[in-house]
Amino acid sequence: MTTFRQDEQATGRSDGYAAVDPVTRQLIRGSLRAAKLECELIIERTAMSAFIREKKDYTVSFLDARGHEIYGDTMGSDIMGCVWQYYPEETINQGDVYWYNDPYISQGSITHTPDMVFISPVFHEGAVVAYCHSFAHFWDLGGSRPGSIGPANTEIFHDGTLVPPIKIIDRGELNDEAYRIILRNSRYPDLLEGDSKALMAAAQRAQERLLEMFDRYGNQTMLAAIEQDQRDTAALVRRKALEIIPEGDYSVRDYMDHSGVEDRWYSFHLQLSRRGDHIVLDTTLSDDQADGSINFVASPGTLGAYFGQHFHQYDPSLLSNSGLVESIDEVKLRPGSILLPEWPAALGCRAHTFTKLKSAVRAVLAQATDGQVMAGTAVYVIVYWRMKDDTGQWLLCTDGIAVGHGARPFADGLDAIYQRHNENYPGEFMEMEFPLRMERYAIVPDSGGAGKFRGGCGVIRDVRLLADIGTFGLRVENNRFPTWGVAGGMGGGTSRVVMNPGTGQEKAIRAFSDDNTWSRGDLVRIYTAGGGGWGDPLEREPHLVNDDVKDGFVTLEAALRDYGVVINPVTLKTDEPGTEAKRKDISSSRGPTKLFHRFNYFDTADEEYEWINEHFPR
Amino acid sequence: MDNYSVAVDVGGTFTDVVLCNLDTNKQSVFKTPSTPDDPSAGFLTGLQQILEVNGIKPAQVKHIFHGTTIATNAILENKGSRVGVLVPEGFKYVLEIGRHGTPRLVNPNSWIKPERPVRPRDIEEIPERVSFDGEILIPLDETAVRRAARRFRDEDISSIAVSFLHSYANRDHESRARELILEEFPNAQVSLSSEVLAVFREYERTITTVLNAYVMPRVSTYLGNLERALGGEKVDSTLSIMKSNGGIVSSSVAVRQPVHTALSGPAAGVMATLQIAESTGVLNCISFDMGGTSTDVSLIKDRHPTTNLGGNLGDWPIQLPMLDIVTIGCGGGSIAAVSASGVLSVGPTSAGAVPGPVCYGNGGTAPTVTDANLVLGRINTQIAGGILSLDGRAAAEAIQQNIASPLGLDQNAAANGILKIANNTMVGAIRNISVERGHDPKDFALVAYGGAGPMHAIDVAALLGINHVVVPLNPGIASAFGLLAAEFKNDYARTFLQQAPGYDLDGIESVYSELEAEGRAWLNEEGVPQEVHAISRSADLRYAHQGSEVTVPLSGKQATGETMDALVQEFHAQHQQLYGFSLDQRVEIVTLRVTVSGDVGSVALPRRDGVSDSPEKAILDRRQVYFDQGNGFVSCNIYSRDQLSPGASISGPAILEGMDSTVVINPGWTSLVDDYGNCIIRPG
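As you go down the protein sequences, you meet chains A and B in turn.
Residues in the first sequence are numbered from 2 upward in steps of one, following my numbering.
Residues in the second sequence are numbered from 2 upward in steps of one, following my numbering.
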């Protein structure tokens, strides 16, 4: 077991700086935000692979000289640790750029191989004062199939070529030999070159911007302001954690449908315990690592940041920085478990695990707050459409598809959102670039979990192949286990995939699978899962249910069954007395709701675990 | 009898009117409160008053130029009309799903998806399909179109948008759908995506088309009423409307494509900047329009305003060619606040016109940028020629209580902090349109206007390393002058994907010719004489696989091997300048563009007569004013701007007070009044 104490990581705070006035601190925060946006825009406008430029899976972050985040999206990852292993600080020069994608060497600061980081040091007055780091999900670098990672992989070598920390630019000079080796390992070297150039340009521009800030505000002022911001964020998340989490133990479990190889489910377990002011997160009762690619190299920093991000929402005026990790004191991980797999386990589809983990953090807090959290969010979907073009070349279209998000104590869940700011491919773009035709892009009715606030709905995407032959890989979760509802809200709808629906050749396809074959004219339909609901559906305003029916988010049948709202199928008018009676009826036959719902209402993780073992034997 | 032009710029608070004698170029101005419930009332009041004051008969007015926020506000305030939409089968949720993302800086746990301007129930799916290269895959189901049209007619949904996939490549289905709709529902107003925005990406094209339909009834009612009222006033002139691209169109054209007027107001400001810059011989400048709730900035290079292919209005992308204007929620009325964790922020929340800043005494309790300016002595307690009296004590108390005490700062440091944060935000916006587009702001003059712009201009310039600030004579109504300087202008575009190296030159040339013919037809419709037609061609290029394009002008009149080579070379160069690198990879041509314009009598700024022989005679007062870069409060002269003649030179620290705006001259800067009444302010 690896036990890890946050206060050990938080390294000695120097305390050596004078306090910076609040105005200057805000000027610095404003400049950091502007610099981040500017550099991210460079990536968006110049990157070549559609994954980055259309889907926008990229970020730029700033780290201090200790590698602790100043501002950005590193979410508790230790970006610099593995770089220093190979390049001690004193060997780092101005104009250098470092590159890696190795999840194992970086101990989970990168969690699967397509994610690449480029790091540029900032020198001021002769010493490193900060590092800038650009990050993006790349199209293809080695691996078993176009797109590198995929559902069928069983070891990290299938997931793609590993780039340990290397110095790709040495004092302004491109390391051409290393670059040639890396480009040679991609099926699409032009894209790799364009994307890596874009990321390097962004890291270097970020370095210039930070340098300007050090010049403008002065070395000591900058360093002091950075440190005070880190401390403020740490203090906020710590204070909120102690305010929100009463003494006691809170545990949850969530379930992954399938490993991609063997047809059995996996689960992880989180237990949060507070004794006095000491808060511990224990994950050691999670399953052993999977034979497929859903393993997630969690780090204590990452898990700490998941909690920290929840507490940070109470005051978003503070920067998102390394302080996020300090809401809990200790994180226990078990090597060999699905949350800390051992080399060389495949990791490509770890999103199945970490998306559920992020929801599970809220489920833990639901127990501490009587359900005042967002319900479970479905795992965002990736499909690898692969097809042979007229010249015999394999083309790849990595298609990110939206899902439904959990309902909140104050609002419905988000319909048809992927995750955060990532964007879909326009159908017109897909058809222009690939021999594919998009024939439907719609909402899946009733996929949002019923609740006083409805869970977000998933989507339907129909894609037809216009090339002679092709294959496709599906990274689709929530096919067996839907999202959970909370505070009386119900679980969301499940996902499924079917080929040639409504024809004689209709065929169900396993949601998490690879090497499915299709040929010219075949159509694949994907239904994505919805988010969990929040609050008792019988308390939802009938007119909102009526609106959902008119707009196709809820069917007439579900309005009646789940919400007890009686709507005339012809006029679509709500029958108010009928609704009142129906709701009384449901309420008495159903009994009281419980904290969670998925398949059934339940209060504890153990209660659900028993039910699932009985109904889905492994 | 002399002929006149009138410009009317309707803003959120005031309606500004400029009258211009077309024979003498003598110009006079008038300001009247806006009437948000019916903006035409303020428009007509302003027009009547300025004619009356100057003794002009309505029949002498030959042209009226108008900047309007009708479309803008309808979109921002969700006050458009119910719209019916036709989409291809399978795509009813194109708006609901959008690009399936959240905005970049929001927390998805707390973010709420904005309600679309049209609900899915009002979107009808029509069996039809066109491929990306224009081939008809499924013929248009005419019965379905008729059925939908009848439904909209029965439900009295008269504004209808049609957005079919790939309609930029073949617009036949959309055009036919319009014919069918009008047969069933002759009073319908139909917006076609292939006319509003013939470029790829279905969500962006559809939302832009839907917004066009969403604002069309309001805009057409408004302009119709205005035309009728003008007729009633015996004004027999043309009515031209400013568009987001800085050009004007006749009101009858604006009614067809009202979404093009979404940035009408700010665009007029940019055209004013261009006019001011020309008057002072400046080629390169940045416009800085700071008003009550927001600040607009844009960049003019070599006398050309920069344009982009679309920004956002509220929550929606509008991918139309428009002036590259960045708007930030920071103005005189922006509220300063301290968060629970002790973070001081300024804006984007604004005190608005009601209740306004604390010092206005209309019930505002949250300190604003204007309150900070007042506490620091930068504005007078009597403004607008003494019409408005400001409560300095209330402003000071609000800053003390809400900002200074929680942060442990003294009151002046707190007030100064508010200004510094506001200035930093505005610097960010200017960097956005300069540094991030590959321009160094040091090479540009800052042209400052709007009620608050001239108060902040020098601080903002100093932060950017700019050493040349221009403040026009009437900063508060600059945009209205910009209307007089505009010419007729329209943009035409079509996506026509061409992969290197085999560009289809004939195909390109024929698309260009078609776009050009459309443009010329429109110029003729506007009555622009042939000899002043100006046509320019450009193209959006990218490296193969990139997803955003760079617009590059086509030199030469025709698409030939030679001009296309030059185009590609220019693309490499611009990519290098914008992003710091270029690549030895294939270049694709994505969209072809034609801009047509015609100048039929824009007017220049008038020269200003001398008013007094010595600046000393313009001194009104002396008071303590706080400057950040010195020792805090210093005593300085307060001048009446109206009393300064061309040639007057005033060294900072000093304050120039005008009817509608205050110019703050920092220590170490000197202002010189030029022949047009502009203040040219430089270090020294």
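Just so you know, the hints here were simulated from the structure itself, not pulled from any lab data.
All figures in this text were calculated on a predicted structure; none of them were measured in a lab.
Mixed in with the good hints, there may be bad ones.
Sample of chain B residues with no beta-carbon within 10 Å of chain A, all distances over it, derived [claimed, not checked]:
| # | residue |
| --- | --- |
| 1 | Asn108 |
| 2 | Ile113 |
| 3 | Arg120 |
| 4 | Pro121 |
| 5 | Leu240 |
| 6 | Asn425 |
| 7 | Glu437 |
| 8 | His573 |
Computed list of lysine-lysine pairs in DSBU-like fashion (alpha-carbon distance at most 35 Å, straight line) [as the list claims (entries may be wrong)]:
| # | chain 1 | residue 1 | chain 2 | residue 2 |
| --- | --- | --- | --- | --- |
| 9 | B | Lys235 | B | Lys114 |
| 10 | B | Lys27 | A | Lys198 |
| 11 | A | Lys551 | A | Lys595 |
| 12 | A | Lys574 | A | Lys241 |
| 13 | B | Lys63 | B | Lys302 |
| 14 | A | Lys508 | A | Lys389 |
| 15 | A | Lys241 | A | Lys389 |
| 16 | A | Lys585 | A | Lys389 |
| 17 | A | Lys333 | A | Lys359 |
| 18 | B | Lys618 | B | Lys490 |
| 19 | A | Lys595 | A | Lys583 |
| 20 | A | Lys508 | A | Lys551 |
| 21 | A | Lys595 | B | Lys302 |
| 22 | A | Lys583 | B | Lys618 |
| 23 | A | Lys551 | B | Lys558 |
| 24 | B | Lys58 | B | Lys302 |
| 25 | A | Lys241 | B | Lys114 |
| 26 | B | Lys58 | B | Lys558 |
| 27 | B | Lys443 | B | Lys302 |
| 28 | B | Lys235 | A | Lys551 |
| 29 | B | Lys27 | B | Lys618 |
| 30 | A | Lys198 | B | Lys80 |
| 31 | A | Lys585 | B | Lys235 |
| 32 | A | Lys574 | B | Lys114 |
| 33 | A | Lys359 | A | Lys574 |
| 34 | A | Lys585 | A | Lys551 |
| 35 | B | Lys114 | A | Lys359 |
| 36 | B | Lys27 | B | Lys80 |
| 37 | B | Lys235 | B | Lys558 |
| 38 | B | Lys558 | A | Lys574 |
| 39 | A | Lys333 | A | Lys585 |
| 40 | B | Lys490 | B | Lys27 |
Backbone N, C-alpha and C fix where the C-beta goes; we use that ideal spot for every residue, glycine too.
- Which hints from the list above does the structure break, by number from lowest to highest? 1, 2, 3, 4, 6, 7, 9, 10, 12, 15, 16, 18, 21, 22, 23, 24, 26, 28, 30, 31, 33, 36, 37, 38 and 39
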